[in-house]
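Start from the sequences and build out the full structure, keeping to the hints where you can.
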Amino acid sequence: MNGQADMDAAIEAARKAVGLPVGARVVAAMSGGVDSTVVAGLLHKAGYDVVGVTLQLYDHGAALKKKGACCAGQDIHDARLAAETIGIPHYVLDYESRFRDAVIDQFADSYLRGQTPVPCIRCNQTVKFRDLLDVARDLGAEAMATGHYVRRAVVDGRPQMRKAIDHSRDQSYFLFATTPEQLDYLRFPLADLEKPQVRGVALELGLRIAAKPDSQDICFVPEGDYRSLIDKLRPEGREAGEIVHMDGRVLGAHAGITDYTIGQRRGLNVAVGEPLFVTRLDPVKRHVIVGPRDALLTASLTLDETNWLGDQPTIEAAAEAGAPVLARVRSTRAPSPARLALVDGVVTVIFDTGEEGVAPGQACALYDPADDERLLGGGFITATAAVV
Numbered sequence: 003m004n005g006q007a008d009m010d011a012a013i014e015a016a017r018k019a020v021g022l023p024v025g026a027r028v029v030a031a032m033s034g035g036v037d038s039t040v041v042a043g044l045l046h047k048a049g050y051d052v053v054g055v056t057l058q059l060y061d062h063g064a065a066l067k068k069k070g071a072c073c074a075g076q077d078i079h080d081a082r083l084a085a086e087t088i089g090i091p092h093y094v095l096d097y098e099s100r101f102r103d104a105v106i107d108q109f110a111d112s113y114l115r116g117q118t119p120v121p122c123i124r125c126n127q128t129v130k131f132r133d134l135l136d137v138a139r140d141l142g143a144e145a146m147a148t149g150h151y152v153r154r155a156v157v158d159g160r161p162q163m164r165k166a167i168d169h170s171r172d173q174s175y176f177l178f179a180t181t182p183e184q185l186d187y188l189r190f191p192l193a194d195l196e197k198p199q200v201r202g203v204a205l206e207l208g209l210r211i212a213a214k215p216d217s218q219d220i221c222f223v224p225e226g227d228y229r230s231l232i233d234k235l236r237p238e239g240r241e242a243g244e245i246v247h248m249d250g251r252v253l254g255a256h257a258g259i260t261d262y263t264i265g266q267r268r269g270l271n272v273a274v275g276e277p278l279f280v281t282r283l284d285p286v287k288r289h290v291i292v293g294p295r296d297a298l299l300t301a302s303l304t305l306d307e308t309n310w311l312g313d314q315p316t317i318e319a320a321a322e323a324g325a326p327v328l329a330r331v332r333s334t335r336a337p338s339p340a341r342l343a344l345v346d347g348v349v350t351v352i353f354d355t356g357e358e359g360v361a362p363g364q365a366c367a368l369y370d371p372a373d374d375e376r377l378l379g380g381g382f383i384t385a386t387a388a389v390v
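Everything in the sequence shown is counted per the working numbering, starting at 3 for the first residue and increasing by one.
No lab work stands behind these hints, which were simulated from the structure alone.
The structure presented is a predicted model; accordingly, all values stated were derived computationally and were not measured.
All C-beta atoms, glycine included, are put in the ideal place defined by N, C-alpha and C.
Be aware that one or more of the hints could be misleading.
Here are the simulated DSS-like cross-link-like pairs (lysine-lysine), alpha carbons at most 25 Å apart as the crow flies [to be verified]:
| no. | residue 1 | residue 2 |
| --- | --- | --- |
| 1 | Lys197 | Lys47 |
| 2 | Lys214 | Lys47 |
| 3 | Lys18 | Lys47 |
| 4 | Lys197 | Lys165 |
| 5 | Lys18 | Lys165 |
| 6 | Lys287 | Lys234 |
| 7 | Lys197 | Lys18 |
| 8 | Lys197 | Lys214 |
Cβ-Cβ distance ranges computed for the label pairs, FRET-style [unchecked claim]:
| no. | residue 1 | residue 2 | range |
| --- | --- | --- | --- |
| 9 | Val348 | Asp216 | 34 to 40 Å |
| 10 | Gly254 | Ala301 | 25 to 31 Å |
| 11 | Val389 | Glu276 | 16 to 22 Å |
| 12 | Asp313 | Pro339 | 17 to 23 Å |
Below, the structure written as structure tokens:
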């Protein structure tokens with residue numbers, strides 16, 4: 003930050019992102035991290051009637067002391083203290099049971115089905131962007147603001163979701179399930195800021211959390227040991243089985259399919275003279291299927307629980323028309339050229355060239371090839387077809 007001038011620019015950017023008259027009530031979703039806290043501070047400085055709301059989502063003993071977690075003990079304390087520093091009312095809502103049902107249990111069940119879940123998307127899709135929005139409306143707010151790095155734009159009277167200016171921080175992949183109705187109510191004041199600027203704003207606002215580490219992807223897993231959590235919640239996932247080559251050879255044994263994910267190479271403990279990767283998981287037979295890297299190439303995938311923000315009326319209409327898209331199957335991977343298709347009534351993504359490491363349970367976010375900053379929607383991957 004370069005002093006007051008940069009602060010003024012950040013405040014003006016926040017006003018532009020909110021797009022409501024000064025004095026309007028806005029709920030700020032405060033996780034206790036730097037980003038959401040700065041949003042609350044900027045909106046207060048911009049003249050809005052800001053109400054901070056924090057969700058208590060879990061209370062695992064070890065997680066309370068975990069650096070980089072969100073929505074647990076220390077973070078709730080940080081959010082409360084920040085709201086006091088900013089000078090806004092602040093409420094803490096106990097959403098532990100909702101979070102457990104919608105996110106943690108679903109996370110564990112996905113691994114039992116041989117899938118690779120993305121719990122952050124489930125959390126945004128259910129607890130944060132569904133339940134919390136209802137709370138914001140009950141509080142009389144005209145909008146709810148979050149610290150996500152995405153841009154909301156209104157084009158021809160309809161809201162669009164677009165990538166943030168800082169592509170290294172862009173979170174549009176994790177927000178593919180945001181519905182048009184939710185997007186109409188949500189605001190993202192950090193769209194035009196980069197992370198160092200956000201920390202600079204925090205310093206200017208006198209917030210103690212200015213140097214606080216960023217939250218981790220799986221916030222409710224102590225020390226990142228998700229397998230121990232799954233073993234505790236779903237011990238049946240610890241049933242032994244066989245490691246089978248895709249040509250049918252039994253190569254070894256495993257202690258539970260929850261130890262494995264699609265594309266995994268390390269920790270297989272089998273040797274056949276060539277590098278092997280996990281290509282598929284069969285939870286019914288308890289088989290871990292392995293093969294060469296080429297076997298990971300995916301020609302197409304099918305989607306369920308889809309969401310659509312594009313210009314066509316529905317994603318099914320876009321698929322039936324064979325709409326071109328850019329498909330992103332991992333948050334850390336660039337989108338790949340593809341087209342939509344409707345196969346037996348199921349939305350299908352067909353890649354122009356093979357895409358590697360696509361796993362059922364993951365999300366596939368779709369972007370506009372004519373405007374790759376624009377998110378069109380997406381869905382959860384249910385099945386894949388390999389390149390022959």
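To see whether the hints hold, each was checked on the structure:
no.	hint	verdict
1	Lys197 / Lys47	holds (19 Å)
2	Lys214 / Lys47	holds (22 Å)
3	Lys18 / Lys47	holds (13 Å)
4	Lys197 / Lys165	holds (15 Å)
5	Lys18 / Lys165	holds (16 Å)
6	Lys287 / Lys234	holds (22 Å)
7	Lys197 / Lys18	holds (19 Å)
8	Lys197 / Lys214	holds (12 Å)
9	Val348 / Asp216: 34 to 40 Å	holds (37 Å)
10	Gly254 / Ala301: 25 to 31 Å	holds (29 Å)
11	Val389 / Glu276: 16 to 22 Å	holds (18 Å)
12	Asp313 / Pro339: 17 to 23 Å	holds (19 Å)
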